[in-house]
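> Letter by letter, the chains look like this.
Number of protein chains: 4
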Amino acid sequence: MVAILKKDASQQQIDNLCSWFKDRGLGVHISKGESHTIIGLVGDTTRIDIDLLQGLDIIESVRRISEPYKSANRSFHPEDSVIDVGGVKIGGGHFAMIAGPCSVETRDQICAVAQAVKASGANILRGGAFKPRTSPYSFQGLQGEGIKLLEEAKKLTGLPIVTEVMDIHQLELFENVDLIQVGARNMQNFELLKELGRMERPILLKRGLANTIQELLMSAEYIMAGGNENVILCERGIRTYETATRNTLDLSAVPVLHEKTHLPVIVDPSHATGIARMVRPMSLAATAAGADGLMIEVHNDPKNALCDGAQSITPEQYDELARKVNCVREAIK
Amino acid sequence: MVAILKKDASQQQIDNLCSWFKDRGLGVHISKGESHTIIGLVGDTTRIDIDLLQGLDIIESVRRISEPYKSANRSFHPEDSVIDVGGVKIGGGHFAMIAGPCSVETRDQICAVAQAVKASGANILRGGAFKPRTSPYSFQGLQGEGIKLLEEAKKLTGLPIVTEVMDIHQLELFENVDLIQVGARNMQNFELLKELGRMERPILLKRGLANTIQELLMSAEYIMAGGNENVILCERGIRTYETATRNTLDLSAVPVLHEKTHLPVIVDPSHATGIARMVRPMSLAATAAGADGLMIEVHNDPKNALCDGAQSITPEQYDELARKVNCVREAIK
Amino acid sequence: MVAILKKDASQQQIDNLCSWFKDRGLGVHISKGESHTIIGLVGDTTRIDIDLLQGLDIIESVRRISEPYKSANRSFHPEDSVIDVGGVKIGGGHFAMIAGPCSVETRDQICAVAQAVKASGANILRGGAFKPRTSPYSFQGLQGEGIKLLEEAKKLTGLPIVTEVMDIHQLELFENVDLIQVGARNMQNFELLKELGRMERPILLKRGLANTIQELLMSAEYIMAGGNENVILCERGIRTYETATRNTLDLSAVPVLHEKTHLPVIVDPSHATGIARMVRPMSLAATAAGADGLMIEVHNDPKNALCDGAQSITPEQYDELARKVNCVREAIK
Amino acid sequence: MVAILKKDASQQQIDNLCSWFKDRGLGVHISKGESHTIIGLVGDTTRIDIDLLQGLDIIESVRRISEPYKSANRSFHPEDSVIDVGGVKIGGGHFAMIAGPCSVETRDQICAVAQAVKASGANILRGGAFKPRTSPYSFQGLQGEGIKLLEEAKKLTGLPIVTEVMDIHQLELFENVDLIQVGARNMQNFELLKELGRMERPILLKRGLANTIQELLMSAEYIMAGGNENVILCERGIRTYETATRNTLDLSAVPVLHEKTHLPVIVDPSHATGIARMVRPMSLAATAAGADGLMIEVHNDPKNALCDGAQSITPEQYDELARKVNCVREAIK
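Chains as they are written, first to last, in the numbering used here: chain V, 10 to 342; chain X, 10 to 342; chain C, 10 to 342; chain H, 10 to 342.
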């Protein structure tokens, strides 16, 4: 971390600041230029609050040289992390094909979709039980009953299951869930993240609608700082001024994340675009950008889906898509 | 709600759709044009999922005519709501002057600030006990101890207190908190909103960093649908591409919200700009725009504040600001 | 176009509005519901100003059913347009490999880069002569001299050339330029667009930093309405809150544009990301998303480039990239 | 300017970089820390291309300490600039009340509006002659004829006039225009800015829809670098994800600009919100934020206006607004 001091900083102020840094266990290296004094800090600066420094009167600007996250940082962990989700590996060359309906609706529905996507090559089953809905009057998911139906589909097909948690108190129902999803709206629900950090279960952490890549990594750090290093990141579109798609899928996030972290990065083109016809091209694009997996909504009867039918593709479309994804993976090797 | 059907919608499809609407208790009015068929719906359409409709093959577009919220809607409640916060009225001409430090730090600090801002005309005391921080390594607030210190400052000054809750399980500590704040990051923490809807305590609901005005109203509706109609809305800046201020304060939201809802609307210029020097002009602007109150960070020693010192003003600055706010309130009458 | 009238619209007002529509050559179809009156318009509504309608007191909302552009609209021109750029075809399965330096600097530089990229499969040479720079004190390009050097590189290699025009009066220097580029900052320079519409030369129209896909199509329509139908669209990143990349490359725009228009759509990953290391993954992603070509900055000495060196790749990197692009094109067939 | 070098920068690379800086007339101050080498630059760094530096392999990060603009910079010109527009002073305590219709339509219309707004206290008349419209099929303004009508209204009322230029070649018609407006879409039309820099006429420079405050100042610098220091800045809303208003009025830009520049800053609430009912509260808010003037659309018959009727207020509403603006100006003194 490098702090540039204002021209009019007094010697007394500089001394006070240096003492403050030393009290926090940091080495201090001062360099006086003609017009500015620059302080370089050596040591673990992750615990320094950069906003606090920037608020001090004598400080012109502060710049981190090392990133504010450690456990998620590729510098300290150069090899790709490989996360084991109920026996299925993700990351480091292992590709996640997560598929299933937006919401679990009935036993028949979830089992039929699970069997179909498995036959096409999916290796993890998704399905929403607790549904975050903008309106209190919209369908809120089958909740505990939905998780039970997912467990049945898992028993039937052998596919590990992923579903979203919305609050700490729901976690008691997640005992048999292989991968716990934190949705975009909860990416900065820090109490929930801390609780998940105390578990060992793999966590699928979705990027918030208006969160930066660095904030996504800081949220991963919340989980990892608690001891749970099994985190998978998911790009799912950010909110911009463009309205032709529901959100704007930020595929550049994939190579940027791969530089900054060792954690696997998957992409959800269904929620990002909100349009079934866009799922195929954006799945192929995500794969070509180097994603470690795809999370895709598949419904056996999209027109009658209880939620988000607009973005679901059919099992037939998924089958064709899965084959093309493999071709693209081969092409970029 | 009006749905425009695609040109190639078959009579069978139209009939099916109309039955589906009627099953939901809606009156259906069909109008066949040369090229398009239009369906108008009469009745309570708040429970209709507009995304679901838009996903149907035969539908060109859907448009709500009435808003998707009811309890928060000014159409059904034309008079301004006046919320009572520990004896202090907000809304309908009553102005909230909420002030205090970003974080509660010590008894001396919170009591000194409380006495100072009260003397300048503040009528509610703020102070963070549970702090949502981007980094797990940053100061997370004094938590339960912070709430106790707030209670002492309340006893000393008589000012009602407001502080932020981050998770349902913390609520047991909020028994003596007069106004419970939901922070920007939790605006769509729907489980928390539902729980708050079961209480009677007034809620201060902050707009999320990337949430629309309509989503803010839908989150208020979550609380109100549960029976708690004591909701105060707070504009606190949205995330845009501009980096000169921390966020972009959207003051247009004040008159827009006043049109759409009867709930009071206050403004937080401290978090919005993140710059102490901007608090005064933006406080005056918010007042001139018609806000029902201001929430301002005041610290007796901003440079040594444990968090967000950059945006706190001193008690002396607050005193001068409070006087100017009154002048502007007078001017726009 | 469908207009929903407000509940309290009087018969007199409705009659006036209908006359106004009929005066503009439109057929009017009125449908009275219990609560709202709906007016459907039949005919050419592109000349109707939707903002004007929305401003009228009696109108609740207006919704276009047909798009406000005609020449660029795929509905009226279902087949892909194929644009001929100095003998090189683009669109309808023909792929543009546009490469070259950000700025033309010297004869040696532009000729060396041209020969290198041609050897790797590039079919059009790019190079900036007039440079739009944020600062008046930054290098503004070699201007007329730069165009002459591009012409020499064209003579040497046979590659058609593309370069940016910033103002109408510069066009007299563009006689031998095969493809005239309109930069992001000029996407809504309507006077320039009108002038280009009077020419026959192919135009490369880049999407503005904060422009919607529909606005991009409306700007294409400006050129086409003048008679020049040789327009190629280019996605080059939009401005969002994310700062990890210079802009956010909106690859969803590729399939969305392919649905809405018959014009070819290429992608510029160099300007979008601003980071040389991101050019390869985003080029492959753009190709997988179905783009009709790529525009990539290549410099034989990126570290000493006079402008935008940070985003240029070397000829060796381009060679490897071009081979991978072909593999991905094969994979998605 | 301070450059932080990467850990692995060789002595040879550092020497080369220092020579490069010295060749550009800059003093170089090197400071070697344990892990990083820091180079401080002394002298005129406005001509240094920060993007170029950031692209160099050996550079970790670069940070400007002084701003990249000089003529517009308050540091070099601490007093407020006062701009004379046809005898009316703006800035330094002088308040611009600019009012008039979106488009000039007829002699009767522009003269009637001019007389009405003058009677209410307006001191400059606005009216669009050349209209930038998204669609080529929308009304494009009366053009030269519109300017002549503005001149007549000026003769009648004595009010100086402001109207927008869209292209260099139109300037010959602007001989009698007192204040030449550069619209949001042309804020980075650098050729136009350069041409205006060669004139002496005052320029009203509107902020682009997606431009930062710093970019606005760089565009002012383009004009000023050419010798024309008579620049007035105008905040008119930026593009965000929020759709309740046409754009999001960024009132924080007013105090930020007042810190950074000596140029006057006015606000256009009509275009920013696009809603006539929002013009009053946002005008008062802009005034309270310290703006040096307001630019407001007034039409004697908003419902029949040829363009942007939705955001125009009536002369009666303007009269009431103007009185309230004066009250707020008094209140914040």
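These are calculated hints, taken from the structure and not from any lab test. It cannot be assumed that every hint is accurate.
The list treats identical chains as interchangeable, and a pair is accepted whether it falls inside one copy or across any two copies.
[Said to hold, decoys possible] Only pairs whose alpha carbons sit at most 30 Å apart, straight line, appear in this in silico DSS-like list of lysine-lysine:
id, residue 1, residue 2
1, 163, 79
2, 269, 41
3, 157, 127
4, 333, 41
5, 127, 269
6, 41, 203
7, 79, 164
8, 16, 79
9, 16, 269
10, 16, 31
11, 157, 15
12, 41, 342
13, 15, 41
14, 98, 15
15, 157, 31
16, 333, 98
17, 333, 269
18, 203, 157
19, 15, 203
What you are looking at is a predicted structure, and each value in this text was computed from that prediction instead of being measured.
> Which hint numbers doesn't this structure obey?
1, 4, 5, 6, 7, 11, 12, 14, 15 and 19
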